[in-house]
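As you go down the protein sequences, you meet chains A and B in turn.
Under my numbering, think of the first position of the first sequence as 1, with each following residue one higher.
Under my numbering, think of the first position of the second sequence as 1001, with each following residue one higher.
Each hint should be verified, as a subset may be incorrect.
[Stated by the list, open to error] Here are some chain B residues the structure puts well away from chain A; computed CB gaps all over 10 Å:
(1) Val1042
(2) Arg1113
(3) Asp1119
(4) Ala1123
(5) Gln1225
(6) Ile1235
(7) Glu1260
(8) Gly1324
(9) Pro1327
(10) Lys1329
[To be verified] Straight-line C-alpha distance at most 25 Å; calculated PhoX-like pairs for lysine-lysine:
(11) B/Lys1150 / A/Lys70
(12) B/Lys1329 / A/Lys141
(13) B/Lys1070 / B/Lys1170
(14) A/Lys156 / A/Lys77
(15) B/Lys1237 / A/Lys77
(16) A/Lys70 / B/Lys1237
(17) A/Lys145 / B/Lys1250
(18) B/Lys1170 / B/Lys1193
(19) A/Lys70 / B/Lys1250
(20) B/Lys1150 / B/Lys1329
(21) B/Lys1135 / A/Lys156
(22) B/Lys1329 / A/Lys156
(23) A/Lys141 / B/Lys1150
(24) A/Lys141 / A/Lys128
(25) B/Lys1250 / B/Lys1043
(26) A/Lys141 / A/Lys70
(27) B/Lys1170 / A/Lys77
(28) A/Lys145 / B/Lys1170
(29) A/Lys145 / B/Lys1150
(30) A/Lys141 / B/Lys1135
Hints in this document: simulated from the structure, not taken from any laboratory.
As the structure is a prediction and not an experimental result, all values here were calculated from the model.
Don't be surprised by glycine CBs; every beta carbon is placed ideally from N, CA and C.
Residue-level listing of the chains:
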Amino acid sequence: MDPLPDRFKIARPTRAERRASPIAAMAYWDAEGWAGWLMDGARLSQSTDRGERASAFAPLTRHPDLDGPKELFNELKASVPAEALMRMEEGLAQCIAGWSSDDGAGPIRFLIELAGDVEGPAPRAAVKPMLLKPHNFRTLKDADKLADSIAFVLCKRASPRAIRDLLPLLAPLLATSPSAAILVAAREASDDPGIFAAQLRQLSPRLFDLPPEDRLWRFAVNKLIERAGVEGAVKAVDPSRGPDVPRLKRALEIHRPHEARTAMIRQWIDLSDVRKDMDRLDKQMEADALGDILPALATASFTHDERSTDQRRLLN
Amino acid sequence: MADATPTMQLADILACFDLGGSPPKLRESLLRAYLAGLLHAVKMGHVDNAVAKDFIESAKRQWSALPPVKPVHPGHADFSGLGIETLWGEFHSLLHSFDGRMYLQHCGMLDARGAPPEDPADAPLVTILDDSVFKFWLRDDVPEVRFDEKGAAQDILDLIRACKERELVKDGAMVGRPNSVVWLTPKSGTIGKLIDRAESMAGREGDLENMGIADTIRNRLGLWQKSSRHGVAVILKRSYSDLIREAAAKVKAPTIFDAEGYERFRHWPSPADAPPDRLGRGRTYELDPAIRVRERPSDGAPEIVAPARPFDEIASIVYLGRFGTPPGKGESVAEQESCAEFADAVAGANVSLAEIVRGLGSVLKA
């Protein structure tokens, strides 16, 4: 067996140190100690008893109703040194990799969301061994919520390529939650927006049974714009991208009309080939198919869209 | 009900204080601020002596039961094996486990007369919340609700819109949690202007961020825990003068019991010689040190607490932008210093934790 890396070599606290501060003593816990503390805390955090919820993750203090994984991580960061946090991450990875569906979805959701906040990649990488084990997600209570948690963390911290590698394992779980499927498809669209509609069809066919007015479609176009920007939305609704595009385009027109107009104009006037596109514009005018173009042109900006919530600059 | 046979004297806990660290430990400062808040409240008649004594006896029972604490002789216990952080942890969980029983204990009278023009008593009341509130209000079939962290401002604007659709609102949704209280402040003065400004920006996240509206409001209201989430202002149809006329609304100035261990709650007035609020309300602690120093001791804004209000009383919800990190938060030493300053502001700079414990022991004969 290889020797442990230095960061796992732990000095034991003296009695006086333990006495002075139980929180300071957390700095001396090994990965197994952290795993036990995290699992117990995550279970207590799901308790129906408010007092039990308040005591979850003692000796740290947290609000029993309001504080979630993010607040726990902030408290940990303020309370223990960086080396101890690395061992905590190792313990967290152990908890996630070791999960079985018999443990229920509640506590592990909390820990997976915590994995979205920590610095190191190990807890997020542990999702793969977790999914490799046989699970029956159709019978798991709250499987859809587990799907949401995993999708949220992957989309927040994993690259589109890493998500693509994980998709074969993740697909059965994503099938339980259209919102999780949308999140994953939108994250992939940040690399290649053109595949968004087809990816939605593959991950969540149920979505295409819903009318484009449905709030899930609104969520889908919001996430597309958030991840891929208005430029990406233009590419995603390009008619050449397959039979699923019209539904997405209609949803964009309903829920984000301003961005839809921009998309419409950019499809008509592609400045990469002015002659070809002016010709196309002429044909559209002759066919009286331009509809809203004049009012749209009056308000359109080709450099910066004030009203969009394009988050690419934040994400990068 | 007070314990007739106390297991220890309150002053026994002094044995576990290891005071004199610079800056003082975080939990030492918090315990100091909370016990000072209780002492002020008892001395000013804001909290009934019997209630305060009952609470301290409960804390003593909880502290005495901790493993390193040993009974030494009747009425005393040896706390020398315990860390002050554990004392705070137990105190904090006690504040939570009391549930609704101890809340709204302030005995002070509220009055709508004599309000200055810049702080009118009939201004609508507002509570500042973060995006986590929507999961308590809206059904799971609103997809944005299903994720603890929200995405861009558009998510919040859609959630705000969903609150107007009755069929999407959960049965029993309230402003404030069950068994707890809602914190309200008048929508007037700086707070009112900033909320109006945010409303006029209609969710433009970048502009709101540049103007720091969410952070300025958060700082003024002492909302230390609010960072990195989106902020919203929930404006009620009710005003202070109209709520205090309604006995069933049970509006009060806040005490430590309402604050449940919140890291920047101060009992008002504090220190005791600060000017009381003309209308009998509490006052928040300004988080921005530059503003706090300039406006001391009346920094912050007026605040009151009430049991959760019906969801139908919401007049509007305004998106404020995303909260950044509060001043002094994040880095361990800076956080300790900031917490020590807060404890000084509540207890009085020259009043130590040991003096407060002795003071409470003597006032409550605990």
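So, going through the hints one by one against the coordinates:
{"no.": "1", "hint": "Val1042", "verdict": "holds (24 Å)"}
{"no.": "2", "hint": "Arg1113", "verdict": "holds (36 Å)"}
{"no.": "3", "hint": "Asp1119", "verdict": "holds (29 Å)"}
{"no.": "4", "hint": "Ala1123", "verdict": "holds (27 Å)"}
{"no.": "5", "hint": "Gln1225", "verdict": "violated (7 Å)"}
{"no.": "6", "hint": "Ile1235", "verdict": "holds (21 Å)"}
{"no.": "7", "hint": "Glu1260", "verdict": "violated (7 Å)"}
{"no.": "8", "hint": "Gly1324", "verdict": "holds (13 Å)"}
{"no.": "9", "hint": "Pro1327", "verdict": "holds (15 Å)"}
{"no.": "10", "hint": "Lys1329", "verdict": "violated (8 Å)"}
{"no.": "11", "hint": "B/Lys1150 / A/Lys70", "verdict": "holds (12 Å)"}
{"no.": "12", "hint": "B/Lys1329 / A/Lys141", "verdict": "violated (38 Å)"}
{"no.": "13", "hint": "B/Lys1070 / B/Lys1170", "verdict": "violated (49 Å)"}
{"no.": "14", "hint": "A/Lys156 / A/Lys77", "verdict": "holds (19 Å)"}
{"no.": "15", "hint": "B/Lys1237 / A/Lys77", "verdict": "violated (40 Å)"}
{"no.": "16", "hint": "A/Lys70 / B/Lys1237", "verdict": "violated (33 Å)"}
{"no.": "17", "hint": "A/Lys145 / B/Lys1250", "verdict": "violated (38 Å)"}
{"no.": "18", "hint": "B/Lys1170 / B/Lys1193", "verdict": "violated (31 Å)"}
{"no.": "19", "hint": "A/Lys70 / B/Lys1250", "verdict": "violated (33 Å)"}
{"no.": "20", "hint": "B/Lys1150 / B/Lys1329", "verdict": "holds (22 Å)"}
{"no.": "21", "hint": "B/Lys1135 / A/Lys156", "verdict": "holds (20 Å)"}
{"no.": "22", "hint": "B/Lys1329 / A/Lys156", "verdict": "holds (24 Å)"}
{"no.": "23", "hint": "A/Lys141 / B/Lys1150", "verdict": "holds (24 Å)"}
{"no.": "24", "hint": "A/Lys141 / A/Lys128", "verdict": "holds (21 Å)"}
{"no.": "25", "hint": "B/Lys1250 / B/Lys1043", "verdict": "holds (23 Å)"}
{"no.": "26", "hint": "A/Lys141 / A/Lys70", "verdict": "holds (24 Å)"}
{"no.": "27", "hint": "B/Lys1170 / A/Lys77", "verdict": "violated (35 Å)"}
{"no.": "28", "hint": "A/Lys145 / B/Lys1170", "verdict": "holds (18 Å)"}
{"no.": "29", "hint": "A/Lys145 / B/Lys1150", "verdict": "holds (15 Å)"}
{"no.": "30", "hint": "A/Lys141 / B/Lys1135", "verdict": "holds (19 Å)"}
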